[in-house]
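Protein chains: 2
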Amino acid sequence: MTIQTVSTNKSHGGIQGVYKHASRETKTDMTFSVYVPPHPAGAKLPVVYYLSGLTCTHANVTEKGEYRDTCADLGLIFVAPDTSPRGEGVPGDPAGAYDFGLGAGFYVDATQEPFAQNYRMWSYVTQELPQLVAANFPVDPVRQSIMGHSMGGHGALTVALRHPNRYRAASAFAPIVAPSQVPWGTKALGGYLGDDRSAWRKHDTVALIEDGARFSDLLVDVGDADPFLAEQLRPELLQQACANAQIPLLLRRQEGYDHSYYFISTFMSDHLRWHAARLTA
Amino acid sequence: MTIQTVSTNKSHGGIQGVYKHASRETKTDMTFSVYVPPHPAGAKLPVVYYLSGLTCTHANVTEKGEYRDTCADLGLIFVAPDTSPRGEGVPGDPAGAYDFGLGAGFYVDATQEPFAQNYRMWSYVTQELPQLVAANFPVDPVRQSIMGHSMGGHGALTVALRHPNRYRAASAFAPIVAPSQVPWGTKALGGYLGDDRSAWRKHDTVALIEDGARFSDLLVDVGDADPFLAEQLRPELLQQACANAQIPLLLRRQEGYDHSYYFISTFMSDHLRWHAARLTA
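Each protein sequence line maps, in turn, to chains A and B.
Residue 164 in this note's numbering sits at position 164 of the first sequence, with consecutive numbering throughout.
Residue 31 in this note's numbering sits at position 31 of the second sequence, with consecutive numbering throughout.
Just chain A, same shape as in the assembly (with noise of 0.2 Å):
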């Protein structure tokens, strides 16, 4: 569990790291950031993962997601995780696109080849690097959430359905809800788990609610400029399949705002304190 630092800069009263790792699921090399705000030494913090969208490393919300003068507000850690595996022998998308492989590991444990070996970011998000940072930051891992945007709002949809009893809280940017019934998803699902599309209902959330799961309650954002709202988010979908279950659901729909980290930054202190709420009640 030995992580080496690639850069820290002191921001908003705490430190921004940057570390990287030998990973043991993805068997590459595997880089994320955490920002730990300031604290009484021996203080154990409230942590909050958050998981990026396609085409995206850990420097993205790094660096564009104006996370940290609301986390050293609120004495939350921060942590990104990048999006896939990357480098020597990693396969990626034959065709070389932004939607499938390197930077779009859509947070599933692969089953097909060629890529079972490394693309296991499903095992990497809550096994492995909540061990990491707990092994090596100040966190009180009993009380942990999660979030994400687009691609990472569907991981962190699907991780907190699966574990509700291990995340406090839960929200999304624009996040794709239901993967099985729209493009990129089928496209990532498929490659990644094959075929038989029972398979994919467990990293599908509106599949996943169908199925029984359920959560305290959900926050997601999503602009109405958004150009993959449509086709590729459909968030009715989400609200009907949580009116049937009867999660509370807070959907926001944002106007005039798109997909990019300056609608993201607009609201991430509003999820933070949704987070900070629930994980200091």
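In short, the hints are calculated from the structure, not lab data.
Just so you know, these numbers come straight off a predicted model, no measurement behind them.
Honestly, I wouldn't trust all of these hints.
Because identical chains cannot be distinguished in the list, a pair is counted as satisfied if it fits within a single copy or across any two copies.
To be verified - Listed below are the simulated EDC-like cross-link pairs for lysine to aspartate or glutamate, each with C-alpha atoms no more than 20 Å apart in a straight line:
#1 Lys10 / Glu63
#2 Lys202 / Asp109
#3 Lys27 / Asp224
#4 Lys10 / Glu255
#5 Lys10 / Asp211
#6 Lys187 / Glu231
#7 Lys27 / Asp140
#8 Lys64 / Asp258
#9 Lys10 / Asp270
#10 Lys10 / Asp258
#11 Lys202 / Asp140
#12 Lys10 / Asp224
Given the structure of chain A, go ahead and fit chain B onto it with the hints provided.
The following block gives chain B in isolation, referenced to the frame of chain A:
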């Protein structure tokens, strides 16, 4: 005075835009960003100019500066130009160094060949850009102020000291306050203005103050872990010059902070509030 829109994104209730125009000063296309906060129709808003440091374009502060939240709160327009002319035929550093030429215009009008034709960043930021902004955005041109980082801190302070009635506030993050006395500055001023050091004094904050320039008051933050502090920035020279000239200077040495946007973003809100207090007085 026509500008071309490169991109617009809604953020923190306002619009973050990136624009391009053919500059009469630099004889090149110039790109700049403008954030317009939410405001009542017809309102004319105060405007803050932000000058960036070596190697930067408009994009660095636009993505990492964390200014939009506070600008939206205070009703400030925020303008970030590039740091030099760029493009085919624009001469750079003969050896390709980062600290001269492209990305390093130093906010002077070059008199030396081959730079005199394009390197006119002084006239660009003090004349052409404010006219362009006034013609295209809802600014109150009487209420403007200026800030910057490192080389851009040098730019902001020299611009303010030479136009104390045009800018209502001035501040800087880790500025180069005495370019005539430090390696970055002597290389740049020598290369753009020639060997006659008397021409340098109008582009040296400390020299300007020694020669009688005054400003109402100044805010400067430096990080005490900034690797450039002792050799390139030398804030003690500004402190002494301001003391001698009886210019109120709030110089804050921030413990543990470095030269990066992790530092700048931490104190951006403080600076904007300093500016707003003077812009709306």
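Go through the copies and call it for Lys64 and Asp258: within, between, both or neither, with a Cα cutoff of 20 Å.
both (15 Å within a copy, 18 Å between copies)
Evaluate Lys27 and Asp224 at a C-alpha cut-off of 20 Å and name the case that applies: within, between, both or neither.
For Lys27 and Asp224, the Cα distance exceeds 20 Å both inside one copy (40 Å) and across copies (40 Å).
Measure nothing new, just compare the shortest in-copy and cross-copy C-alpha distances for Lys202 and Asp109 to 20 Å and report within, between, both or neither.
Only inside one copy: Lys202 and Asp109 sit 11 Å apart there, 63 Å across copies, limit 20 Å.
Indicate which option fits the pair Lys10, Glu255 if close means a Cα-Cα distance not exceeding 20 Å: within, between, both or neither.
between (35 Å within a copy, 9 Å between copies)
Within, between, both or neither: Lys187, Glu231 at alpha-carbon 20 Å:
Within. Shortest intra-copy distance 14 Å satisfies the 20 Å Cα cut-off; inter-copy 55 Å does not.
Between Lys10 and Asp211, at a C-alpha cutoff of 20 Å, which is it: within one copy, between copies, both, or neither?
Classified as neither; 45 Å inside a copy, 37 Å across copies.
Taking 20 Å as the upper bound on the Cα-Cα distance, should Lys10 and Asp224 be classified as within, between, both, or neither?
between (36 Å within a copy, 11 Å between copies)
When Cα atoms must be at most 20 Å apart, do Lys10 and Asp258 count as within-copy, between-copy, both, or neither?
between (31 Å within a copy, 7 Å between copies)
Status of Asp140 relative to Lys27 across identical chains (alpha carbons, at most 20 Å)
neither (27 Å within a copy, 58 Å between copies)
Within a copy, between copies, both or neither: where do Lys202 and Asp140 come within 20 Å Cα-Cα?
neither (28 Å within a copy, 56 Å between copies)
Is it within, between, both, or neither for Lys10 and Glu63, if the alpha carbons may be no more than 20 Å apart?
Result: close both inside a copy and across copies, 13 Å intra and 18 Å inter.
Please sort Lys10 with Asp270 into within, between, both or neither, judging by C-alpha distance up to 20 Å.
between (23 Å within a copy, 17 Å between copies)
When each numbered hint is compared with the structure, violations occur for hints 3, 5, 7, 11.
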